[in-house]
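**Q** Chains C and S supply the protein sequences, listed in that same order. Just so we're aligned, residue 1 is where the first sequence starts under our numbering, counting upward by one. Just so we're aligned, residue 1 is where the second sequence starts under our numbering, counting upward by one.
I should point out that these hints are in silico values taken from the structure, not numbers from a laboratory. Any given hint could be a false lead.
In silico contact screen, one side only, chain S against chain C (beta carbon under 8 Å); selected entries [said to hold, decoys possible]:
1. E18
2. A53
3. L54
4. A55
5. S115
6. P118
7. R122
8. G124
9. F127
Estimated spans, in silico, between C-beta atoms of each pair [unchecked claim]:
10. R501/C x D86/S: 34 to 42 Å
11. L16/S x R391/C: 36 to 44 Å
12. E98/S x V526/C: 46 to 54 Å
13. R144/C x D86/S: 58 to 66 Å
14. L7/S x E275/C: 24 to 32 Å
15. E21/S x E426/C: 15 to 23 Å
16. T361/C x D94/S: 49 to 57 Å
17. V526/C x L7/S: 32 to 40 Å
18. P333/C x P74/S: 43 to 51 Å
19. L374/C x P84/S: 43 to 51 Å
20. Q265/C x P74/S: 19 to 27 Å
21. E21/S x D159/C: 48 to 56 Å
22. E21/S x N35/C: 44 to 52 Å
Okay, the calculated bits of chain C under chain S, using three or more residues with CB under 8 Å as the criterion [to be verified]:
23. 238-251
24. 255-266
All C-beta atoms, glycine included, are put in the ideal place defined by N, C-alpha and C.
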Amino acid sequence: MKIGFIGDAFDPTAQLFAAHMTELGAEVFPVHSINSAEAVDRYACGSTEAFLAIASSLISARKPVTLLLRRRAASEDQVEFTRRLQLLAAVLSNAPQLEITLMALNDAVAKTLKLIVGRDITVLPPVIVTGGERQTAILDAVARTIQFGDDASCTCDADAVSWLRVSAKARIVAPKELDTHNADLIAYANNCTQRAAQSVARYEPPLILFIVVNGVGLGHLTRLLAIAEQLRKSAQARVAFWCYSRAASILEAHGFEVIQRMTWQHLNVEKSAWEVWETADFARLFRDFAPAGVVYDGAAVPASLTNALRMVGTPPIALTWLRRAMWQNHTNPEYLQAAQHCDLIIEPDDFAATADKGPTTWQQTSHRGSAEFLRVPAIGLTTKSDMLTRRQARRKLGLQLRKRTCLISLGGDAFGRCATAMQLIEETANTAQIELVIARSPLASTADQDSNGPRSISVFPLGRYLSAFDGIISAAGYNSFHEMLALTDVPLMFVPTIHARLDDQNARAEFACEKGWSLSLPQSGVSQQRDTLAKFWDAVSQRSKRPSPEMDQTSARKTADLLAERIR
Amino acid sequence: MAQNQELADLKFRLLLSELREFKAISVLTPTATPQPKQRAFLPHTEIAPSPTALATLPLPLGDIAVSSHAASLPAIGLNLGHSPLDTQVSRLRDFLLEHNQEPFVRPLFLASNLSLLPLLGRFGFAFHRYHESVQQEIPYLAVRYGLHQIRALDKGMVEWSAL
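All chains should be modelled from the sequences, with the hints used to inform the complete structure.
**A** Here it is, written out as structure tokens:
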């Protein structure tokens, strides 16, 4: 059965009302008008106002209607409230052909409102939620916030979250006297029936949706892929990707389901119009496939996602924010408030964590809701056991076996950005008789390739080929930084990329330099750059070894385990 | 306008040079074992109901073309089909040449695989990968992009029309 919902699609009472219908097997979704073309079996109205606003269309539609009646909220005038109910009674008596069911959140409401409406009102059965032990949460009905437990920072905006998730996690109390509407809402939410998540899982293993943002490089995609691989390997989840990155084919080549999406920038359309589509499409997918969880990796959790998660008809879905640190110091700390929408925040460690000066280290989040925070070891896609041997890697890349060869991996658009540095690198490498191999991002243009310049390769994942090289010059993005340091022991030089949308690569490069793990190419001063390069080529020529920090080779698996355990 | 056309021509030449060397992303999967085929997501078989009206998203013209009346050009889906990549690239080249000289549509490239997404996306084109058949996704695409028609890129045959 398809039920078109009329009213505020994000209203907490409406979310619980719709959950009752979905529990009975219906698909509930918001509609903005009564349209005969819409495939709807019946309508549900979230309030008297919503019903009255389109009563004539509803009566003409000749489809059954369920209307939830509520008591008065503090903001409503008593006389006006009563008048509306009287109008409802009049409309209904004039439309005997309309098949309508009136419902209320509890018996007291049903009895009170029956006196005005003059019709029987059915009490809504308790909503069924999934989850375990519930904590106490305090509702401030005036400020519209909910505080979980005693910690004031564990607060969320009461109207920005799914009340199905809230009622599964907490019993809500209100220290101040509430208006009748809010009192009814809390009583109903607290009276929910709990059951184990496993008993309602639609898929075995459960489905998890991973959301890949359109990053500057492949960092978000790579990290999520590492975890997805482990979830699949251990059969703990079926992972599907909702992917804004143009490198989506990488995910597909790894055997994952991919829903390819375009951003508003890709389409060059107005963000607000595009966001409405994203919200509707996310909500549609959530209703159709009911994933047990959603994992988002990026700095700014999109409103289209959080809105879809609290839309009427959306089942309760756990949101995990995979949030690497090392944000640049000027990054807007307000992004961190998105924690309130999350059930779990996972921060992968960074070798350079002690050099992190970004907001994740100093911003006290005032709104982190009920999110659990976990830190895991640094996550990489490639482990040492995945790597090709030097001989295998050189053969696959078509490189001579004996020649001193250095990898240059400076990121997607490096060749415009680092043109001067590249010129110097090429010139000095030539003098040192070292062959250069340029790793091009699979997303980068090939139009600016110089046929007389160094050989270039475009492979994924690059980490598997690193044994082929006697030296590496690399950008200091999260994955490159950790994989280059941990998977190899050849001379390494970082050339940090400075980009507003990227992490603090400079801090990483300086940290590694101080530790003696690598060199860092100075950002200016040709003579200093020449000196540093001379030192580097010398080390490459001598096949010097450098210290490598240890990376937990099981981190992706541990993260996958944590995720699976929390989502189940 | 003349300057815009020059810029578009420059982009067009870049696109042609990339097409000449085009290769799909080379991915080395960690296991040689093929992954079991799972049921594909088809979230867009119907118009997604929404709490607010879903406005049509106008398709871009792409960076290689200029038109003083771009907004009034019809939104047309161009189906690259299931043919091998080399064939797709060759058909694409013919269309792009025409599009650069005298654009007559705002194209939505439709394909059953993602190989051409990085290239077409980089030059400002809209791209949609469909699953089993494009027919299943037409109701969604028609509303989202205001499509007038879908044509097969190889022979120009009309596969679907809004009229």
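**Q** Each hint should be assessed against the structure and marked as holding or not.
**A** Hint check:
1. Interface restraint check for E18/S: the shortest CB-CB distance to chain C comes to about 5 Å, inside 8 Å, so the restraint holds.
2. Given the 8 Å rule on beta carbons, the hint for A53/S holds: about 6 Å separates it from the nearest Cβ of chain C.
3. With a least beta-carbon distance of about 6 Å to chain C, the hint placing L54/S at the interface is held under the 8 Å criterion.
4. At its closest, the beta carbon of A55/S sits 5 Å from a beta carbon of chain C; the interface hint therefore holds under the 8 Å criterion.
5. Proximity of S115/S to chain C holds as hinted, the smallest CB-CB distance being about 6 Å (cut-off 8 Å).
6. Taken as an interface hint, P118/S checks out: its beta carbon lies about 4 Å from the nearest beta carbon of chain C, inside 8 Å.
7. Interface restraint check for R122/S: the shortest CB-CB distance to chain C comes to about 6 Å, inside 8 Å, so the restraint holds.
8. For G124/S, the shortest C-beta to C-beta distance to chain C is roughly 7 Å, which falls under 8 Å, so the interface hint holds.
9. Given the 8 Å rule on beta carbons, the hint for F127/S holds: about 7 Å separates it from the nearest Cβ of chain C.
10. Look at R501/C against D86/S: about 35 Å separates their beta carbons, and that is inside 34 to 42 Å.
11. Separated by about 38 Å at the C-beta atoms, L16/S and R391/C satisfy the suggested range of 36 to 44 Å.
12. Checked against the hint of 46 to 54 Å, the C-beta distance between E98/S and V526/C comes to roughly 48 Å, which is consistent with it.
13. Taking the beta carbon of each, R144/C and D86/S are about 59 Å apart, inside 58 to 66 Å as hinted.
14. Distance hint check for L7/S and E275/C: the Cβ-Cβ separation is about 30 Å, which falls inside the suggested range of 24 to 32 Å.
15. At about 21 Å, the CB distance of E21/S to E426/C agrees with the hint of 15 to 23 Å.
16. In this structure the supplied range 49 to 57 Å holds for T361/C paired with D94/S, their Cβ-Cβ distance being about 55 Å.
17. At roughly 33 Å, the beta carbons of V526/C and L7/S sit within the given window of 32 to 40 Å.
18. For the pair P333/C and P74/S, the supplied restraint of 43 to 51 Å holds, since their beta-carbon distance comes to about 46 Å.
19. The hinted range of 43 to 51 Å is satisfied by L374/C and P84/S, whose Cβ atoms lie roughly 46 Å apart.
20. About 24 Å separates the C-beta atoms of Q265/C and P74/S, a value consistent with the hinted range of 19 to 27 Å.
21. Taken as a hint, the range 48 to 56 Å holds for the pair E21/S and D159/C, whose Cβ atoms sit roughly 53 Å apart.
22. Under the hint 44 to 52 Å, the C-beta atoms of E21/S and N35/C, about 50 Å apart, fit the expected range.
23. For the segment 238-251 of chain C, the assignment as covered by chain S holds, since 7 residues bring a beta-carbon within under 8 Å of that chain's beta-carbons and 3 suffice.
24. Proximity of the segment 255-266 of chain C to chain S, defined as three or more residues with a beta carbon under 8 Å from a beta carbon of that chain, is established by the 8 residues found.
The structure meets every hint from the earlier list without exception.
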